[in-house]
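Trainee: Whole structure, please, built from the sequences with the hints as guidance.
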Amino acid sequence: MHVSSRQLLAFLEVARLRSFSKAAEQIPMSQSGMSMLIKDLEDQMGARLFDRSPRSVTLTDAGRQLLPVAQRIVQDLRSLGSTIEGSEAATRSRLDVAATPMVTMSLLPDVVREFTDSHPHVSTTIADVDVNTVRQRVLDGEADIGLGFFVKPAVGLLRQPLCRFRLMCISPPAPTNSRRRSSRGWSSLRDLPLIGLPPDNPIQSLVETHLARIGHVHGKCQTAHFIGTLIAMTRAGLGHAVIPSFAIEECKRHGLQISMLIDPVVYLDLYLVSRRGIQPKPTTLDFSARLKTAATKLAK
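Counting in full-length UniProt numbering, the final residue of the sequence shown is number 300, and the numbers go up one at a time with none missing.
Check each hint, because a few of them may be wrong.
Claimed, not checked - Simulated crosslink set (DMTMM-like; lysine to aspartate or glutamate; CA at most 20 Å straight-line):
1) K22 to D51
2) K152 to D200
3) K292 to D117
4) K300 to E250
5) K300 to D269
6) K152 to D140
7) K297 to D140
8) K39 to E13
9) K297 to D269
10) K292 to E114
11) K292 to D110
12) K152 to D130
13) K292 to E13
14) K39 to E25
15) K292 to D128
16) K297 to E250
17) K152 to E208
18) K281 to D117
19) K281 to D96
20) K152 to D269
21) K300 to E249
22) K292 to D269
23) K281 to E114
24) K39 to D61
25) K281 to E142
26) K281 to D140
27) K297 to E114
28) K297 to D286
29) K292 to E249
30) K300 to D110
31) K297 to E249
32) K39 to D51
By construction, these hints were calculated from the structure, which means they are not laboratory data.
Mentor: Written out as structure tokens, the structure is:
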């Protein structure tokens, strides 16, 4: 049996108005089309549903049995449609962003404020998590977009570069009268105790590649999952760290020595990632454009 919602709706209108022509006007459709829908429904049911006469249309016994069932099915379908429409509206009015903590701290506050001012009806949530969790939240659909230093492509993710940052070395605060170096070669790190991110972190993987080329022999004093922790540990005098320059303002606030690394100069791209194959919402596109503008300013 293949009964359509359109057939049931036509049946209910004819039963309510007791007229094929009036029911056809109400839906609206042609009277011949209405008659065909009812005939097809009767064929599916294997019984006549209406007694027709020149003056009236009345339900048969089979029609009276079908009436409450058809009413319930049509009402359920309407309720389901309202629920889905409400869910889609809620999705359109929400923006979920996942980013690593230091990216969140350095880049997002001003962007979120400007976006919220322009889109007061959109609820924006920020998940500040490690880079692997950023990737997974986007893949699982828990975040519309993610931000991080994704050095290698990931299956299922679409990467869009926002801007480039240089790698720099941060060192504990210098005595008041000491000279702060503005740049230093990678080779100068050979004998320094370095604090680093976990080995599976894409930033650390890039750092380790260049440290291996200079024959760095000291093991890391400490390992931490977040750049903010590396900054705090460096300030405490536990060692030096190599991190992207997007955190330079936070390092200045802590009074750290900052040296841009040269020979070679190494760049790292900050990416915006989204789930491949998903049509972005207009609000997501607007937020992404604001991010690109803010990230470009931060990189200067």
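Trainee: For each hint, tell me whether it holds in the structure or not.
Mentor: Right, here's what the structure says about each hint:
Note on K22 and D51: the hinted pairing holds, with a Cα-Cα distance of about 16 Å set against a maximum of 20 Å. Taking the CA atoms of K152 and D200, the gap is about 12 Å. The hint holds against a cut of 20 Å. Proposed proximity of K292 and D117 is supported: the alpha carbons are some 18 Å apart, at most 20 Å. Annotation: proposed proximity of K300 to E250 holds, straight-line Cα distance about 15 Å (limit 20 Å).
Restraint check: the Cα-Cα separation between K300 and D269 comes to about 14 Å, which is no more than 20 Å; the hinted pair holds. This hinted pair checks out: K152 and D140 have alpha carbons roughly 19 Å apart, not beyond 20 Å. For the given pair, K297 sits about 31 Å from D140 by alpha-carbon distance, which is inconsistent with the 20 Å threshold. Of the supplied pair hints, the one linking K39 and E13 holds, its CA atoms being roughly 14 Å apart against a limit of 20 Å.
Distance restraint check for K297 and D269: the Cα-Cα separation of roughly 14 Å lies within the 20 Å cut-off, and the hinted pair is therefore satisfied. Of the pairs offered as hints, the one joining K292 and E114 holds, with about 13 Å between alpha carbons and a cut-off of 20 Å not exceeded. Between the alpha carbons of K292 and D110 the distance comes to roughly 13 Å, so the proposed pair stays at or under 20 Å and holds. Proximity of K152 to D130 is assessed by CA-CA distance (about 16 Å); at most 20 Å being required, the pair is judged to hold.
At most 20 Å may separate the alpha-carbon atoms for a hinted pair to count; K292 and E13 exceed this at roughly 55 Å. Note on K39 and E25: the hinted pairing holds, with a Cα-Cα distance of about 18 Å set against a maximum of 20 Å. At roughly 19 Å between alpha-carbon atoms, K292 and D128 fall within 20 Å of each other, so this suggested pair holds. Proposed proximity of K297 and E250 is supported: the alpha carbons are some 16 Å apart, at most 20 Å.
Only pairs whose Cα atoms come within 20 Å are accepted, and K152 paired with E208 is accepted, the gap being roughly 15 Å. Distance restraint check for K281 and D117: the Cα-Cα separation of roughly 18 Å lies within the 20 Å cut-off, and the hinted pair is therefore satisfied. Restraint check for K281 and D96: satisfied, since their Cα atoms lie roughly 11 Å apart, inside the 20 Å limit. About 11 Å separates the Cα atoms of K152 and D269, which keeps this hinted pair within 20 Å; it holds.
As the CA atoms of K300 and E249 are separated by approximately 12 Å, the hinted pair is consistent with the 20 Å bound. The straight-line distance between the Cα atoms of K292 and D269 is roughly 12 Å, inside the 20 Å bound, and the hint therefore holds. Between K281 and E114 the alpha-carbon distance is near 18 Å, which keeps this suggested pair within the 20 Å criterion. Note on K39 and D61: the hinted pairing holds, with a Cα-Cα distance of about 16 Å set against a maximum of 20 Å.
Of the supplied pair hints, the one linking K281 and E142 holds, its CA atoms being roughly 14 Å apart against a limit of 20 Å. Between K281 and D140 the CA atoms are separated by roughly 17 Å; this keeps the pair inside 20 Å, and the hint holds. Proposed proximity of K297 and E114 is supported: the alpha carbons are some 15 Å apart, at most 20 Å. A distance of roughly 17 Å separates the Cα atoms of K297 and D286; the hinted pair therefore holds under the 20 Å criterion.
A threshold of 20 Å between alpha carbons decides the hint, and for K292 with E249 the separation of about 19 Å falls inside it, so the pair holds. Distance check on the hinted pair: K300 and D110 sit about 17 Å apart at the alpha-carbon level, within 20 Å; holds. At most 20 Å may separate the alpha-carbon atoms for a hinted pair to count; K297 and E249 meet this at roughly 13 Å. Pair hint K39 plus D51 holds up; C-alpha atoms about 12 Å apart against a cutoff of 20 Å.
In this structure, the hints that do not hold are numbers 7 and 13, in rising order.
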